Every structure is written in structure tokens, then in C-alpha cells.
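J.: The primary structure of each chain is shown beneath.
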Amino acid sequence: MKLTETVRQSIKKATMLGLLAGGMTLGGMAQAENVLRVNMHSDLKIVDPIWTTAYMSRNYGYMVYDTLFAMDTKGQVQPQMVDTYTVSDDGLTYDFTLRDGLKFHDGADVTSADVIASIKRWGAKDAMGQKMMGFVAEMTETGTNTFQFKLNEATGLIVQALGKPSSNVPFIMPARIAATPPSEQITEYVGSGPFVFLTDEWKPGDKAEFAKFADYKPRSEPGDGLAGGKVVHVDKVVWKVIRDQQTKMNALSKGEIDVIESPSHDLLPLMEQDENIQLVDLNPFGNQYTFRFNQLHPPFDDPKVRQALLYAFDQEEFLLAAIGDEKYYKLCKAMFICGTPLDTEMGFEDKLEGNMAKARELIEASDYDGKPLILMYPTDLAVLEPLPPVAKDIMEKIGLNVDMQAMDWQTLVGRRNKKEAPEDGGWNAFITSWNSVDNASPLTTPFLNAACEQALFGWPCDDTIQALRDDFSREPDAAKQLEIAEKIQTRAAEAPTHVHLGQWYQPHAMGKNISGAPVSPVVAFWGYKKAE
Amino acid sequence: MWSFLLKRTLSVIPVLLVVLVIVFLMLRLTPGDPAANIAGDAATTEDIAKLRVELGLEEPLPVQFGIYLGNLLRGDFGDSFYYKRPVISMIADGIEPTLSLALFTIVIACLIAVPLGTLAAYKNGTWIDRMIMGFSVIGFSVPVFVIGYLLIYFLSVKLEWFPVQGYQHIEDGIGGWAYRLILPATALSVIFIALIARMTRTSVLEVLNEDYIRTARAKGLPQSKILFKHALRNAAVPIVTIIGIAIAILISGVVVTESVFVIPGLGLLTLDAIQGRDYPTVQALIILFSVVYVVINLLIDVIYTLLDPRIRY
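In order, the protein sequences belong to chains A and B.
Position one of the first sequence corresponds to residue 1 (my numbering), numbered consecutively onward.
Position one of the second sequence corresponds to residue 1001 (my numbering), numbered consecutively onward.
Just so you know, not all the hints are guaranteed correct.
Stated by the list, open to error - Per the computed footprint, the stretches of chain A lying under chain B, defined by three or more beta-carbons under 8 Å from a beta-carbon of chain B, are:
#, stretch
1, 103-117
2, 231-244
3, 251-262
4, 403-412
5, 445-458
Hints are computed from structural coordinates only; laboratory data are not their basis.
Computed from a predicted model, the values in this text were never measured in an experiment.
Note that beta-carbon positions come from the ideal geometry of N, C-alpha and C, so glycine has one too.
For reference, chain A alone in the conformation it holds in the complex (with noise of 0.2 Å):
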């Protein structure tokens, strides 16, 4: 080790004398500063996270803003920014108080008038927040850091929407910079979150960088997922992107890099056995893999045909081909994910274990006349890769006739929104990944919205659905949510809208000398300490 520092240091000064002017100095080499500098699964490209519903993006929202509300590990939302609230007994009424001492990053405080106008554009834009926006007849500032939600209707929605973790997630932006049409993106970024965004440090296509916000008051609770104190124990952390995943593996071995956000599955065997490197899984719902139909044409227009999918497929071949390791997935009947406050297998007891006889008899049963239909396969995502050719699999068998087209995922993700019959450009499947956080209830499973025109590709019709998903927002009792969950997934048994293929979990690579990340469904970089 010491003949190999030497050789270096003599590589560096045998550049530096062959090339240099004197006093100029290896810049950039020295690290004073405790920086984290972290590999995420994608490169960060737009920095309004209410204008885009990508996870990048929500993601650089939880480092520079802040949420009124914030889901812990259990699935419950809890106060963030806000102190105190109260709603009256006739559940009409919602006053707030928020914490004293929140600051943006320019110095300026934190007022209702601001919580108010970001409310209103995240509530313009996000299903969610629309839905909520269409129980609150007004939102009233009643103090400096007072404010008051009047309802027309009494609903359980209003703190759990105020607390929605993931896209689009409702953060609180200086009213100036929330006065932006939602239809537009920001052009300020400024928030009051635990990092102030540097950006003459942003380069596209390579770093990120965020520094500490030392005006950040942290709740005193502990961190708890989102929720909790987020105590920031480094300097910046900046977001390096680093394509190559063997090289994002090299630089983490070799303390180039601190973390790799979704280091790939082929290569965590390794990184088990480099004495360097440890594997933590912070996302304790993890991710779910969905089929997704497209409704608008045959075959799957018959949901007799979808329902033949529900008892053909076997999770377990889905996960083994895509992640292989059993310790990185898990079998889940639970349409709103395993281990949260709806998790049940209501409706879905006898589906999703491969009954082949059950699948056939469905078809046979069905219109379907033996046309090819299009199952969309993106050949450039590691980790969606191996699964059409399941799925083609297994439908063949069944009967169907599969012509699976290979593209990227660019293409796959222009192409579904095409409403036209599939021999004229449109598709009939492909299967994607979501953040399970995202499916862990009616309101927020994207494919669950069944509005027909309104709904997410794929365009679902089910007034049953809908009527039921209505029911569940105005429900405040979470028993009752419950029981209303069940009867929305036995509805989404018998007309599917789409299939859940399991869960599966992403753990974070990260040097030994990392610690303190905390456990949370979406990335967060509070907690985080690197020991020097």
C-alpha cells in the first residue's frame, strides 16, 4: 500500500511537472468539506417537482422544500411543518399553526399566505390534490402562521393528501414563486426545505450540488421516514451521475463516490463481498412491478380476457427472472402493498398463483378472436428487461397470440399514450415499476383511476371503481378506509385495471463509513453521517 501511494504520488507530480505551470495546485482534490456524494438511479433535469410528476424530481423537492405533513415508516402521516392542528366536530373546519422559526432560504419566513399559494398549485395540478381541492371551499390565512381550511364536505383526505409522499408531492414554496401557472415551470428555486439548491454548481448530465441550510429547524422528534426531525450531519451533498454501473461500483469500492442510489442487481453479489461497500434497503415497502392493460381496444376491452392474466400469472417467475434473489423480493397479493394500513388480499386469494386451467377457460370464454395483440418491450431498463418475455410466455400459453415489440423506453413511453388501435400505433400491454408508496392507496395507485378518458394510459372505465375510490376519500375513519380498500380491490379482481406482479426491493450500496440513512420510501439525505 505504501509503494502504491508513492507510485501515485509520483504519477501525480510527474503530470503535474510535465505539464504545469508552478503553484498551480491538484484542485478539486482535497475534500475540507464533509461532502456526500451519492450515485442517483437517474440524472436530475427538472427542478420543479409540482410542473413533473418524475421521481427525480420529487426527489430534489425533499431536499430543498418542505411538507406541512410527512408519512413515517408505518404508513401514518404526521406533522411536519405544521405544529398544531384542530378540525371541528363536524369535520368542516381545519385550523393549522405552523412551526415557529421556518425559514426560507433568503432569510424570508415561512407564512400561511405562502402555504396557501403553493396548496393551490400543487392542488391545480396533482390528481390527488384535485380531488382535495374539490372538498375545500376556501383556504383562509388567519395569521402570519396561522390558516384555516373550510370543507363543503367532510373527508378523511385532507391531511393524508397534505402528507402525500410521492408524486406530486404538496411542498411549500415561497408564495411569489408558487404564483407560477402549475402549467409553467419555476424559474426561482428557493424553498425551506433541509438543503439550499446551489445552482452555479448545477451541471447537467453531471452533479447536482446541495449545501447544509443552516437557518433549517428540524422537528425534535427522531426522524421517522419522511417524517420526524431531519438533522442534517454533513456539509453538501452533491448528486454525481455515473452511468456505468460497473464504474459506480469501482468509485464506491474505492471511496470515489458514498452512495449508489439503485445499484444494479447483477452486480450486488459483488458488492456483498467488497469489504468496502454494505447493502442497506431503506425502502421498507419497496417497489411493485405492474401489467398494465390498455382497455381502449381488444382483446383487453373484455374483462373476462384481463381476468384470464390475474390467474395465469405467478409473481414468483416475474420476480425471479427480474431480480432473482429472493432476498430482493416478495410475494404480495395486496394490490395496495404489503405491510401498509390497507394491505389485504381481499378478492385476489385464488389469483396471481399460476392456474393456467382457470386462465385458458377464461379465454375460451371471452371474445377474443385470436388477433396478435402488442405487448410493448423496453430493451434498455435493466430492470424491466426481463419481464415481457414472461409475460409473452405465459400468454402464449393461454392462448393469446403475443407479438412483443422491442424499443426503448423513450419510445414505450410516447407510444402509451397513443390512443389509436394498436395496428395503427397504439399497444395493448407493457409492464412497468412504480415506488410502492405510490400504490399504497386507491387515491394514489395511478392505474387504479378508472375515468375513462381522464384516466392514466390505458384509460380504464369502471364507475364502480370510481364510485368506491369517491367513498374512500370522504371516509375519515381508517377501519372503515379499510373496508373500503377491500371492496375496491375484489371490484379490481373481477374488472382489472391492471396486475400487480410483486414487490421487490432496491437497496442502497454505501461505503462502511456511512451511517445514520434514514429508512424512508422516498430518498431522503437527513440523518446521513460519513465518518472521515
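Place chain B on chain A using the hints.
T.: Chain B in isolation, oriented as in the chain A frame:
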């Protein structure tokens, strides 16, 4: 000469126009929708449709092209769909790493390949010639990422002489800048060493059979003088051509090397922009690369006249 330069410069305009039209159409005819990518997975069809309007993608293609051309004539290359930054500033950020890598690579390649090729020609038919040409075949055959991984494994991971990845801007210290370029430039130079060495050997071999070389030998000039002053200079025209093409290739994107060694250059910017269907960025990059090719070809033509006085325009 000056009228030649002027004519060649003016000939760039129709070339660029053709490139513009082809790139513009190809991007829009390629499957994929930037608005759907930008809006995110949970965006509704309605959200995406609004975004398409905002990005100007719902206008008829001739109108879109007219707006683009108008902006271009005013020197406005547009903003990235994603980053909402001027495309020019993003390209400016990527130029330094790309030029640095190209410079290092071509210097390493020339310093090694030209003497090797000359030596191979001089020792034509011997084991030295066969060894050099054998290396050349290997250099062509082994993918750059394999060489990159091997260099990283032995020199960075095992011996710890170099960092695994990363680029340091020249303004942060020229020593660190050069130090971090050694591995990627070495990996990338292998194929160019092979290419230039073969070309040098062939050209020098041809020249070595010329009468004036025989005359030089008859005069009793030292072999080194015959080789490097008389033979190499007269063999230089095709070598310069191949070096020029190599430089153009290096500037217009070396995606794999940039990816393996994490160099934020134009190659990765191009790849990201194409994958994300970031039309303004791709269009500006293709214009830049076209200009690079034209300018380098022009420079090669000028260098011909310096190397061979018989060439006149």
C-alpha cells in the same frame, strides 16, 4: 488560396441547411414523445397534451421548422426541453471535457503510432513489422470499454495509481486535469494508434520505394534522416487525413469512453439528448458536429499545401 478558402467556407451553408432539414425531420419522425418523458409516469394524457402545446410540438412541421430556422438566424439555438437552459450553454459546458479528451488522445496516438508505423515500414517483413501490425489488429478488434475496464481494474482498483472515474476542469488545476485524463485517453487512443500506425506504415512503404529515397541512400545520408525528413514528410498527406478524421470523430462524441470514465462531454450530452428526444439539444449538437467536420476537412486541405508544395488550390 484565399478564394479557395472563401468558396469552401461558403459551401458550408448548403451543407448545414441539408443537415438541418434531415435532423429536424428525423427527430420528429422517430418514435417517442419528449412531452411524455418530461411529464413523468403519473402524468395524464391531458397533461401531456398541454405540455406538447407549450413546447410547440403541436404546430405543423413546416411552421416548427420555420420558427426554428428564424431563431437560428438570430443566433438562438433554443432551450433544452428538460433543463430549460440555453442549449448553447450546455454545449459550452461539454466542450472542454471533450476537447481535452480529444487532445490527449490524439497526442498519445500520434506520439506512439507515427514512430511505430515508420518503424514497421522500415523493418518491413521482419518480426518487428509483424509484431506492430499484430498489435494494430488487436487495437482494432478490442472494444474500447474492455480496454477501459482493464485499465481501471489494474491501474485504479488494484494499484490505486489513478482515480476510477471523473473529470476535473482545467480551471480547478491543470495537474488534476491532466492526471484524470491519462486513463481515458490511453484507453481511447488504442484504436487510433492502430489506425494511424497502419496508415503510416503503408504510406512510408510507398515512399521508401521512390527514386529520391534511393538517391538519398546513395548519397550516404543517415537512415534516421532518410526516414523522418525525407520519407515521413512525403508520406504525411494520408497520415494527416486520417489524424484529421480521428479528431473529428473524437470531438463528435466518444460515448463509451465518456460513460466508463464519467467525463461530462458532448458524447454523453448527445446520447442523453437523443434518448430523451430533446430536439433543440440534438439539433444544435448535430450542427456543431457538422461544422467541426467541415472545418477539419478545410484545415486538412490547407495542411496539404504546407506538406506538399505541389498541391495548389
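J.: Against this structure, judge whether each hint is valid.
T.: How the hints compare with the structure:
1. 103-117: violated (count 0)
2. 231-244: Check passed, 5 qualifying residues.
3. 251-262: The restraint on the stretch 251-262 of chain A holds, since 4 of its residues have a Cβ under 8 Å from chain B and three suffice.
4. 403-412: Three-residue rule met by the stretch 403-412 of chain A, so holds; n is 4.
5. 445-458: With 6 residues closer than 8 Å to chain B, the stretch 445-458 of chain A meets the three-residue bar; holds.
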